[in-house]
Amino acid sequence: SAVISQKPSRDICQRGTSLTIQCQVDSQVTMMFWYRQQPGQSLTLIATANQGSEATYESGFVIDKFPISRPNLTFSTLTVSNMSPEDSSIYLCSAIQGWNTEAFFGQGTRLTVV
Amino acid sequence: QQQVKQSPQSLIVQKGGISIINCAYENTAFDYFPWYQQFPGKGPALLIAIRPDVSEKKEGRFTISFNKSAKQFSLHIMDSQPGDSATYFCAASNSGNTGKLIFGQGTTLQVKP
Numbered sequence: 001s002a003v004i005s006q007k008p009s010r011d012i013c014q015r016g017t018s019l020t021i022q023c024q025v026d027s028q029v030t031m032m033f034w035y036r037q038q039p040g041q042s043l044t045l046i047a048t049a050n051q052g053s054e055a056t057y058e059s060g061f062v063i064d065k066f067p068i069s070r071p072n073l074t075f076s077t078l079t080v081s082n083m084s085p086e087d088s089s090i091y092l093c094s095a096i097q098g099w100n101t102e103a104f105f106g107q108g109t110r111l112t113v114v
Numbered sequence: 115q116q117q118v119k120q121s122p123q124s125l126i127v128q129k130g131g132i133s134i135i136n137c138a139y140e141n142t143a144f145d146y147f148p149w150y151q152q153f154p155g156k157g158p159a160l161l162i163a164i165r166p167d168v169s170e171k172k173e174g175r176f177t178i179s180f181n182k183s184a185k186q187f188s189l190h191i192m193d194s195q196p197g198d199s200a201t202y203f204c205a206a207s208n209s210g211n212t213g214k215l216i217f218g219q220g221t222t223l224q225v226k227p
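Protein chains in written order, with the working numbering: chain A, 1 to 114; chain B, 115 to 227.
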């Protein structure tokens with residue numbers, strides 16, 4: 001499978017600020033996704049990043065809080081807006097290269113909000 | 115109906131032993147069931163996956179058993195090694211979108227030398 005690189009790998013941010021996480025895949029992929037993994041917890045899908053259109057958000061996640069872009073077939077960004085300590089999590093980018101194929105993940109971005 | 119329930123939460127096994135992790139799902143529309151392995155500081159990596167047309171799939175020391183009628187599936191790790199110590203997640207999705215995964219709660223496996 002292709003390789004996903006995420007930037008930054010970790011960050012410590014002040015509450016009330018925003019952070020944009022970048023996800024770069026080394027080859028074209030069909031779909032890209034963003035997940036959240038709270039400390040010691042499981043992964044929860046935030047949204048599907050759609051190329052050239054608005055992302056599709058899962059229940060409990062909204063665009064104003066987590067704006068997502070996907071300008072092309074290999075790149076996506078997730079912004080965590082107006083951060084609070086509850087946003088402290090690992091944010092993971094994922095992708096599939098074709099329909100009905102395995103999902104692969106980046107190494108994650110560990111965000112701490114103070 | 116979208117949940118995937120995983121047990122146990124943690125597991126300690128002696129080297130050479132068998133590790134067994136169980137998952138149960140409710141949504142009968144799910145037809146793709148992967149297992150992911152995650153080491154600290156890393157993203158999850160696909161270990162093995164199964165679809166409901168078979169009851170068992172084996173890859174090396176890793177086997178998935180699938181019971182469609184019971185809506186349960188399990189991961190067996192044979193001859194467990196200290197290098198297998200990691201967190202394991204089961205997941206489920208519809209094969210129409212295998213990237214849209216519902217994850218279990220995770221199992222932290224420790225294999226003692």
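Keep in mind that the hints were calculated from the coordinates and are not lab data.
Among the hints, a few may not be true.
[Unchecked claim] Here are the simulated DSS-like pairs of lysine-lysine, each with C-alpha atoms no more than 30 Å apart in a straight line: (1) Lys65(A) / Lys172(B); (2) Lys65(A) / Lys171(B); (3) Lys214(B) / Lys65(A).
[Unchecked claim] Computed far set for chain A versus chain B, every beta-carbon distance over 10 Å: (4) Thr20; (5) Gln24; (6) Gln28; (7) Gln41; (8) Phe66; (9) Asp87; (10) Glu102.
Glycine included, each C-beta is placed from N, C-alpha and C at the ideal position.
Here's how the hints hold up against the structure:
1. Lys65(A) / Lys172(B): 42 Å, violated
2. Lys65(A) / Lys171(B): Measuring from Cα to Cα gives roughly 41 Å; hence the hint is violated.
3. Lys214(B) / Lys65(A): OK: Lys214(B) and Lys65(A) at ~20 Å, within 30 Å.
4. Thr20: 19 Å, holds
5. Gln24: 14 Å, holds
6. Gln28: The claim holds: Gln28(A) sits with its nearest Cβ about 14 Å from chain B, beyond 10 Å.
7. Gln41: 8 Å, violated
8. Phe66: 16 Å, holds
9. Asp87: Asp87(A) is indeed farther than 10 Å from all Cβ atoms of chain B, at 19 Å.
10. Glu102: 5 Å, violated
Checked against the numbered hints above, the structure breaks hints 1, 2, 7 and 10 and satisfies the rest.
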